[in-house]
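Peer 1: Turn these sequences into a full structure, and let the hints steer you where they fit.
From first to last, the protein sequence lines stand for chains F and L.
With the UniProt record's numbering, letter number 695 in the first sequence gets 695, and the count goes up by one each step, no holes.
With the UniProt record's numbering, letter number 10 in the second sequence gets 10, and the count goes up by one each step, no holes.
The hints are simulated quantities; they were obtained by calculation from the structure and are not laboratory data.
Using N, Cα and C, we set each Cβ at its ideal position, and we do this for glycine too.
Incorrect hints may appear among the rest.
Unchecked claim - Partial list, computed: chain F residues near chain L (C-beta under 10 Å):
id: 1; residue: T6
id: 2; residue: R7
id: 3; residue: N15
id: 4; residue: V264
id: 5; residue: K585
id: 6; residue: G594
id: 7; residue: T636
id: 8; residue: D672
To be verified - Dumping the calculated SDA-like pairs for lysine to any residue here, alpha-carbon to alpha-carbon at most 20 Å:
id: 9; chain 1: F; residue 1: K616; chain 2: L; residue 2: E130
id: 10; chain 1: F; residue 1: K616; chain 2: L; residue 2: K119
id: 11; chain 1: L; residue 1: K2; chain 2: F; residue 2: R108
id: 12; chain 1: L; residue 1: K119; chain 2: F; residue 2: D683
id: 13; chain 1: F; residue 1: K510; chain 2: F; residue 2: G480
id: 14; chain 1: F; residue 1: K289; chain 2: F; residue 2: D164
id: 15; chain 1: L; residue 1: K119; chain 2: F; residue 2: A679
id: 16; chain 1: L; residue 1: K2; chain 2: F; residue 2: E107
Claimed, not checked - If you want the footprint, here are the derived chain L segments under chain F, 3+ residues with CB under 8 Å:
id: 17; segment: 13-24
id: 18; segment: 43-49
id: 19; segment: 72-80
id: 20; segment: 106-120
id: 21; segment: 142-156
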Amino acid sequence: MSIVGTRVVRREDRNLITGGGTYVDDLREEALATAVHAVFVRSPVAHARITGIDVAAAASAPGVVGVFTAADLGLEPHEAGPVREPWLADGIVRYVGEPVALVLTEERYQLADAAELVDVDYDPLDAVASIDAALDGGTLLFPDTGSNIVQVHGMAEFDDTIFDDCEVVVTQTILNPRVAPAPLEVRGAACAWGEDGRLTVWLSTQNAQIARSQLAGSLGVGEETVRVIAPDVGGGFGAKIGADPEATVLGWAAKRTGRAVRWVESRSENLTAMTHGRAQRNTVTLGGKRDGTVLAYRLDVVQDSGAYPRALFLPTLTEMMAVGVYRFPNVQTRSRAVVTNTTPIAAYRGAGRPEATAAVERAMDCFAAEIGMDPAELRRINFIRPEQFPYQTPTGASYDTGEYAAALDKVLDAAGYAELRAEQRRRREAGDPVELGLGIAAYVEITGSDAAGESGRVDVHPDGSVVAWTGSSPHGQGLGTTLAMLLSDALGVPLEKITVRHGDTDEVPKAIGTFGSRSLQMGGSAIRQAADEVIARARELAAELLEAAPDDLELDVERGVWQVRGAPSSTVLGWAQVAEAAGGKLSADVWFGGAKPTFPFGAHLAVVEVDTETGKAELRRIVAVDDAGPIVNPLTFRGQRHGGLAQGVAQALLEVVSYDEDGNPTTATLADYSFVTAAELPDFELVDMATPTDRNLLGVKGIGEAATIGSTPAVHNAVVDALSARGVRHLDMPATPIRVWAALEEAGKGSAR
Amino acid sequence: MKVSIEVNGRPVAGEVPDRTLLVHFLRDTAGLTGTNVGCDTTSCGACTVLLDGESVKSCTVLAAQAAGHAVTTVEGLEGSDGTLHPVQEAFREQHGLQCGFCTPGMIMAAVSLLADNPKPTRDEVRAGLEGNLCRCTGYHNIVSAVIDASGQEVDR
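Peer 2: This is how it looks when you write it as structure tokens:
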């Protein structure tokens, strides 16, 4: 029986549960033995002109090795969309947390004391602390550009005639609030220049090879001069893609001082200076007939990009995924991205797709409420049908496979939807102050959207062991186990003889790494491709050794041996002998280039209770189908869904990054940011479904982000559903008690008039 | 100042600044990097260790306060023969960890929780681990791991 599809506990775990793994701050490498410690002095104001920096007192403080500002660097600023972002603030600061100076000390405990002595004079400017302030344009972050709008995409002007035939049209502005990725391991790096003139950077990153290219480019050296190593990485969620600007400054400082440098940010820095996610304001307009047929949909996106627009693909990806799982005949989208005096926005688990899903799934519920139809029924009427795949959306996506109605029905069956609706009615009839709310979200997302491919290498050694190198860069997903399972299945070699390596640019020079749920479909396909090449080569070698025609040979994967087909009693060859015959090592080093995006989908049902007297909304159940095709390891597959669900639920109910009107962050510690805990979540109810794709060698789609995407609007819709009988039609996330209370107050006023 | 602490059954002594936090004593003086720092407000629990058998967040205890006391870290759970502690074994079996960064603190908090309540319900586990944050697992499998480690059947 194949190991693929069976539950296999992770090989990664032993180190992590006994010694706690080796994250950047745990490194005790010889090259770092005399490393200095680093801290960035960061802007305490959102928008200001720097009129002077006095580093004299800091430079003479105990243990200080160096204090550096923009004036010292001499590095070309990097591009951030149409503007330039300095490595250290140069003349103007544009968000609280922007790095202004770097301080190096001999001892870690000297850092804070010395940093406090760096004297920066700030001449405050008006802060652009909201999307409205940005659009207003009264204050510009980059006056040379003439506008705070840094990107416009989609329709220049909307055409209202698409709604002409509609009997009902609903419109709603929906905030998709800014949230913090907040991996448990904050950002960290260690840099050491060797006597050979090469720079080694240990970096908490999802993409060592991208980071290497970025660092080489920014430091003005050849790529071969830089080696990046991703040690154990304590979560990324999209916010550790490549190298952040700090790494370049650290690499520069290591060169300048001739000392190895190590850096780990504080959590407060992490919550203000690591990129945030989401931060969109979306206006939806959806029209159709009273029988539930939707005729037209419009999505107008405003993306808050923060102070430096590092990820302008986000709003356009939201546009591309606008229609979700529905066959809307008329669709219009537009997006504008603005800059504000806030932390830059970049990828966070889902990155553009959760925003699209949240918008269309709220729009569907608003429409269902308006025509008085059950939201499940409305969705069924408008789903793209199974026979319509591959389905080309009006917004430019080519969906591979989908069974959207089946996914929803599975979820509703598993949840007992009819009984839940009955319970909701009973509570309402009894005047129960604790309302029950049911929220549905049906979703489709895109994984591996970059379609850039991935590297894979497989070596079979004469001792029968297998070593594989993947360009993917797992940091908690368990991909090392998953890839070993694929190899075991393909080669017939037991797991314990297989090693999977990743994350060192000297070992894996060419790779993309991990983001966008691409790793199994691309990294896995690359490993499969390499294994297939190894098998093809082994067939030739075994044929020579057994004096048979290659076509007559077969690999018995149960035993891991080559034999002549139909002659089971004949001589067999193990992998060790074949590797020996190959001259000591049988190797295939490939690039899986035939990568195409895939489209996982699913449906979630959230059940919430909302206490209308206190405003508190609590999630009681969440039932989920997340279909990402065939499953290699159900253990880690379910783990990815669990994590996604928690983050999605957290955005709907709890988490939001906030600023005051002057651009001061008010959620800059974990005491202030409502990071979801175990006590706020129920057990998750997962329902299985697996619809393969034809777009890669394994038939798989990505599962890393899917559950995040479905769960946020499911919970959001559930809260609104709970309050619907009391006149509430919408409230923005997160559904905190004060917002729920305010929505009830507002609705009460309306009904009183 | 000179501080001596019994760490995982062996004495560790070092000359450290007065303000040294226990977590840094463990990581830098004792050389045990399993205990992680995840925040600066005593919120995340990644640094949880046992101090005389009780769980504490070692970022909020001075090394000096622990002087003369016994500290257990995640490195101290495994048997000398390589046998995993039941909580470690359960975290692996139930996939109670992904990136692993919160895991040492989570495991120590779980050990402490089970010492106080050997047969907790799932809700009791959730309440008991509220001070330990995890970003990867959604907590479901962490709860299952603690239930498993308590010898109760995991039914979801």
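Peer 1: If a hint holds in the structure, say so; if it does not, say that too.
Peer 2: Evaluated hints:
1. T6: violated, 14 Å
2. R7: holds, 9 Å
3. N15: holds, 8 Å
4. V264: holds, 8 Å
5. K585: The hint is violated - F/K585 has no Cβ within 10 Å of chain L, the shortest such distance being about 32 Å.
6. G594: violated, 29 Å
7. T636: Nearest chain L Cβ about 7 Å off; hint holds.
8. D672: Check passed: Cβ of F/D672 comes within 8 Å of chain L, closer than 10 Å.
9. F/K616 - L/E130: holds, 18 Å
10. F/K616 - L/K119: At roughly 30 Å apart (the allowed maximum being 20 Å), L/K119 and F/K616 break the hint.
11. L/K2 - F/R108: holds, 18 Å
12. L/K119 - F/D683: holds, 18 Å
13. F/K510 - F/G480: Between F/K510 and F/G480 the Cα gap is close to 18 Å, so the pair holds against 20 Å.
14. F/K289 - F/D164: holds, 11 Å
15. L/K119 - F/A679: holds, 18 Å
16. L/K2 - F/E107: The given pair, whose Cα atoms are some 18 Å apart, holds under the 20 Å limit.
17. 13-24: Our answer is that it holds, as 4 residues pass the Cβ test (under 8 Å) against chain F, meeting three.
18. 43-49: This one holds; 3 residues, not fewer than the three required, reach chain F with a Cβ under 8 Å.
19. 72-80: Holds: 4 residues of the segment 72-80 of chain L have a Cβ under 8 Å from chain F.
20. 106-120: violated (count 1)
21. 142-156: n = 3 at 8 Å, threshold three: holds.
Checked against the numbered hints above, the structure violates hints 1, 5, 6, 10, 20; every other hint is satisfied.
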